[in-house]
Amino acid sequence: MQVFDLEAEGLRALNSSLHELNGSTEPGRWEIVNPKGSHAIAVGLDAPIEVTVKGSTGYYCAGMNKQATVNVHGSVGPGVAENMMSGAVIVEGDASQYAGATGRGGLLVIKGNASSRCGISMKGIDIVVHGNIGHMSAFMAQAGNLVVCGDAGDALGDSLYEARLFVRGSVKSLGADCIEKELRPEHIEILKDLLARSGADAKPEEFKRYGSARQLYNFDVDNVGAY
Amino acid sequence: MCGIVGLFIKDKTLEPRLGELLTEMLITMTDRGPDSAGIAIYGNSAGNNIKLTVQSDNAEQDFATLAADLGAAIDTVVSLRRRDSHAVLELPADKSAAARQAIAELRSGMRVMSDGDTIEIYKEVGLPADVAARFDLSSMSGTHGIGHTRMATESAVTTEGAHPFSTGADQCLVHNGSLSNHNSLRRKLIREGMRIESQNDTEVGASYLSWKMQNGASLGEALESSLEDLDGFFTFVVGTKDGFGVVRDPIACKPAVMAETDQYVAFGSEYRALVNLPGIEDAKVWEPEPATVYFWSH
Numbered sequence: 001m002q003v004f005d006l007e008a009e010g011l012r013a014l015n016s017s018l019h020e021l022n023g024s025t026e027p028g029r030w031e032i033v034n035p036k037g038s039h040a041i042a043v044g045l046d047a048p049i050e051v052t053v054k055g056s057t058g059y060y061c062a063g064m065n066k067q068a069t070v071n072v073h074g075s076v077g078p079g080v081a082e083n084m085m086s087g088a089v090i091v092e093g094d095a096s097q098y099a100g101a102t103g104r105g106g107l108l109v110i111k112g113n114a115s116s117r118c119g120i121s122m123k124g125i126d127i128v129v130h131g132n133i134g135h136m137s138a139f140m141a142q143a144g145n146l147v148v149c150g151d152a153g154d155a156l157g158d159s160l161y162e163a164r165l166f167v168r169g170s171v172k173s174l175g176a177d178c179i180e181k182e183l184r185p186e187h188i189e190i191l192k193d194l195l196a197r198s199g200a201d202a203k204p205e206e207f208k209r210y211g212s213a214r215q216l217y218n219f220d221v222d223n224v225g226a227y
Numbered sequence: 228m229c230g231i232v233g234l235f236i237k238d239k240t241l242e243p244r245l246g247e248l249l250t251e252m253l254i255t256m257t258d259r260g261p262d263s264a265g266i267a268i269y270g271n272s273a274g275n276n277i278k279l280t281v282q283s284d285n286a287e288q289d290f291a292t293l294a295a296d297l298g299a300a301i302d303t304v305v306s307l308r309r310r311d312s313h314a315v316l317e318l319p320a321d322k323s324a325a326a327r328q329a330i331a332e333l334r335s336g337m338r339v340m341s342d343g344d345t346i347e348i349y350k351e352v353g354l355p356a357d358v359a360a361r362f363d364l365s366s367m368s369g370t371h372g373i374g375h376t377r378m379a380t381e382s383a384v385t386t387e388g389a390h391p392f393s394t395g396a397d398q399c400l401v402h403n404g405s406l407s408n409h410n411s412l413r414r415k416l417i418r419e420g421m422r423i424e425s426q427n428d429t430e431v432g433a434s435y436l437s438w439k440m441q442n443g444a445s446l447g448e449a450l451e452s453s454l455e456d457l458d459g460f461f462t463f464v465v466g467t468k469d470g471f472g473v474v475r476d477p478i479a480c481k482p483a484v485m486a487e488t489d490q491y492v493a494f495g496s497e498y499r500a501l502v503n504l505p506g507i508e509d510a511k512v513w514e515p516e517p518a519t520v521y522f523w524s525h
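Line by line, the protein sequences are chains A and B.
For the first sequence, this note's numbering begins at 1 and goes up steadily by one.
For the second sequence, this note's numbering begins at 228 and goes up steadily by one.
In isolation and in its complexed conformation, chain A is listed as follows (with noise of 0.2 Å):
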C-alpha cells in the first residue's frame, strides 16, 4: 500500500501520481494522510484502485471518478464525487452540498448526512444516505436511484425527470411535480441490493418511493406557475 502525505507533499503531486495508473487494469491500494479539508483530492481517477483519505476534505473530493473506490474516513465539503462516471465514493462522515451532482454511474454512499442539494440533476449514478438530506435534493434529478434512510428536507424532487427516490424517514415537502408512487416488487430488489452494497441497516420495506408526475414535461399553460 502506497501512503501519501498531501501535507509533506502536496496536492498537484497526489493527484498527478493517482492520474498516471489511470488506464491500468492493476488493482492497487493508496492511503492518504493529512488531508485538512482541502479541495479537488483524487479527483478525475480512472483505475481499479482502492484510495482511503484519513480525514476530512474540503471541495470537490473524488470528482469525475471512474472505476476506483475512495474511502473518506471524515466528512466531506461541497461537491463530493460529482459526475462521477462509476466505482464507489464512500463518506463515513457527513457530506456539505450538492453531494453526486450530476453523477451519471457509480454508487455514492454517506454514512452520516448530506445537506442542502444531494444528487441534484443526478443523470444515473446511485446515493445512499445512511442519514437525512438537506433541501432541494434530487432537483432536476434525470436518472439513477437515491436512497435516504433518515429524513429529506424542502423540496425534495423539485422538476424530477426519471430518477428514482426512496425515504425511511419524512419528507418535509415535495418539489414541482414530484410525487409519491407505488413500491412495487422490482424497487424492493432495487432497494435490497443498494442497502446491502452500502452497508445500511434498514429493509427495502419501510421505504416510500418518489417519483415524477411527468407534468411539467411538455408546456402547458395551466402549469404556467410551476415552471
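These are calculated hints, taken from the structure and not from any lab test.
Where a beta carbon is used, it is the ideal one built from N, C-alpha and C, also for glycine.
Take the hints with a grain of salt, since some may be wrong.
[What the hints assert, rightly or not] Mimicking DSBU-like on lysine-lysine, the simulated pairs with C-alpha atoms at most 30 Å apart in a straight line are:
| # | chain 1 | residue 1 | chain 2 | residue 2 |
| --- | --- | --- | --- | --- |
| 1 | B | Lys-468 | B | Lys-511 |
| 2 | A | Lys-54 | B | Lys-468 |
| 3 | A | Lys-66 | B | Lys-468 |
| 4 | A | Lys-181 | A | Lys-203 |
| 5 | A | Lys-172 | B | Lys-468 |
| 6 | B | Lys-481 | A | Lys-36 |
| 7 | A | Lys-54 | B | Lys-511 |
| 8 | A | Lys-111 | B | Lys-481 |
| 9 | A | Lys-123 | B | Lys-481 |
| 10 | A | Lys-172 | B | Lys-481 |
| 11 | A | Lys-36 | B | Lys-322 |
| 12 | A | Lys-111 | B | Lys-511 |
| 13 | A | Lys-181 | A | Lys-208 |
[Claimed, not checked] Simulated restraints, written as ranges between beta carbons of each label pair:
| # | chain 1 | residue 1 | chain 2 | residue 2 | range |
| --- | --- | --- | --- | --- | --- |
| 14 | A | Arg-29 | B | Asp-509 | 39 to 45 Å |
| 15 | B | Ser-411 | A | Asn-34 | 54 to 60 Å |
| 16 | B | Asp-509 | A | Arg-12 | 26 to 32 Å |
| 17 | B | Ser-452 | A | Asn-223 | 19 to 25 Å |
| 18 | A | Asp-220 | B | Asp-509 | 41 to 47 Å |
| 19 | A | Asp-220 | B | Gly-447 | 41 to 47 Å |
| 20 | A | Met-85 | B | Gly-420 | 35 to 41 Å |
| 21 | A | Glu-182 | B | Asp-509 | 41 to 47 Å |
| 22 | B | Leu-454 | A | Asn-218 | 48 to 54 Å |
Got chain A sorted already, so can you dock chain B onto it with the hints?
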C-alpha cells in the same frame, strides 16, 4: 466569495491564544477573500469607560495629538492606544456620543470602526496575512473574535467596504454572499434616519439590524426578520459582547462549518479553516441549518 472565521472560547486558559488561533484561521481563508481582511476582537473590558476604535489613512498625523485634542473638546481624559492605521480610544461611557461628534469635527478623514465595552474592530485592504501582521493580530487575547476575508462583489475594495461592520455598541456583522435588494433597502433605512456611508451591501445589512434593534427587537429577533426582509445570499456571523450568532439564508449556498469542543465553538466558511485548532480531531463538526439562528454566549 468571502471567508468567515469565528472563535468563541469556553475554556479561559485558551483566551491568551485567541488572536494566534484566529490569525491562522483567517490566513487559511485567503483564497476565498484576498482583497481585504478584518477582525472584531472582544478583549478586556473598559470598565466604566468605553472603547472607540478609530481608523485613519493618515494615522501618523491624525493620531499624534488626538487624545489631547479630543479630551479638551469633550472635557475629559482620553487615552489612546495605536495599532498601525487604527487606534483604540478609551473615554467615559457617557461621553461616547459627544466624542463621535467631536472626532468628526476634529479629524474629518477619520472613521469610527466600533464602540463598546470590549469590542475592537480592525480592518484594512490587503492580503489577510499582511493585514494580520499590520495589527499584530496574533498577539491579541480575548473571549471571542470574528474574522473576515473579502472578495468584493458589490462595491469597491476599500477600508470601509471591508468587514466586520459595527451594528451597535459591542456588536458587529460579517457577511459572505451578496444582497440583491440593498439599494431599495438603503433608501428606506436612510429615510428612517439611519446613517449609511458606503455603497456596500453588507453595510445595509448591518444598518438594517441596528434599525430593528433600535425599534425594540433583540439581536435574535432582528436576525429572524432579516430572513424575511433581506433578499439575496448570505451567511451572517454576528458578534455580541457575550458571544456570537450565525444565520444562513434559506437557500444556504454560502458554505458554513461549525465545530464545538469543551474548549471552544468555532466557525469557518470551510473545514480547512478549523483544521489546526486544538482537539479538532474529536470535535463535534456540523453544518448549520438554513434559515436557523444559532447563538453561543458566555
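Verification of the hints:
The suggested pairing of B:Lys-468 with B:Lys-511 holds, with an alpha-carbon distance near 25 Å, which does not exceed 30 Å. Taken as a hint, the A:Lys-54 and B:Lys-468 pair is broken in the structure, with Cα atoms around 38 Å apart against an allowance of 30 Å. Only pairs whose Cα atoms come within 30 Å are accepted, and A:Lys-66 paired with B:Lys-468 is rejected, the gap being roughly 51 Å. Among the hinted pairs, A:Lys-181 with A:Lys-203 is consistent with the structure: their alpha-carbon atoms are about 18 Å apart, no more than 30 Å.
Of the pairs offered as hints, the one joining A:Lys-172 and B:Lys-468 is violated, with about 36 Å between alpha carbons and a cut-off of 30 Å exceeded. Restraint check for B:Lys-481 and A:Lys-36: satisfied, since their Cα atoms lie roughly 20 Å apart, inside the 30 Å limit. Using a Cα cut-off of 30 Å, the hinted pair A:Lys-54 and B:Lys-511 holds, with the two alpha carbons roughly 17 Å apart. Between A:Lys-111 and B:Lys-481 the alpha-carbon distance is near 23 Å, which keeps this suggested pair within the 30 Å criterion.
Our distance criterion of 30 Å between C-alpha atoms is met by A:Lys-123 and B:Lys-481, whose separation comes to about 25 Å. Our distance criterion of 30 Å between C-alpha atoms is met by A:Lys-172 and B:Lys-481, whose separation comes to about 22 Å. Distance restraint check for A:Lys-36 and B:Lys-322: the Cα-Cα separation of roughly 48 Å exceeds the 30 Å cut-off, and the hinted pair is therefore not satisfied. For the hint linking A:Lys-111 to B:Lys-511, the alpha-carbon distance of about 16 Å falls within 30 Å, and the restraint holds.
Among the hinted pairs, A:Lys-181 with A:Lys-208 is consistent with the structure: their alpha-carbon atoms are about 8 Å apart, no more than 30 Å. Range check, A:Arg-29 to B:Asp-509: about 27 Å between beta-carbon atoms, so the 39 to 45 Å window is missed. As the Cβ distance of B:Ser-411 to A:Asn-34 is approximately 48 Å, the hint placing it in 54 to 60 Å is violated. The hinted window of 26 to 32 Å between B:Asp-509 and A:Arg-12 holds, with their beta carbons roughly 31 Å apart.
Between B:Ser-452 and A:Asn-223 the CB atoms are about 34 Å apart, so this pair departs from the stated range of 19 to 25 Å. Taking 41 to 47 Å as the suggested C-beta distance range, the pair A:Asp-220 and B:Asp-509 does not conform, at roughly 55 Å. Under the hint 41 to 47 Å, the C-beta atoms of A:Asp-220 and B:Gly-447, about 45 Å apart, fit the expected range. For the pair A:Met-85 and B:Gly-420, the beta carbons lie near 59 Å from each other, so the given range of 35 to 41 Å is not met.
Our hint of 41 to 47 Å for A:Glu-182 and B:Asp-509 holds, since their Cβ atoms are close to 46 Å apart. Restraint check, B:Leu-454 to A:Asn-218: a C-beta distance of roughly 36 Å breaks the suggested window 48 to 54 Å.
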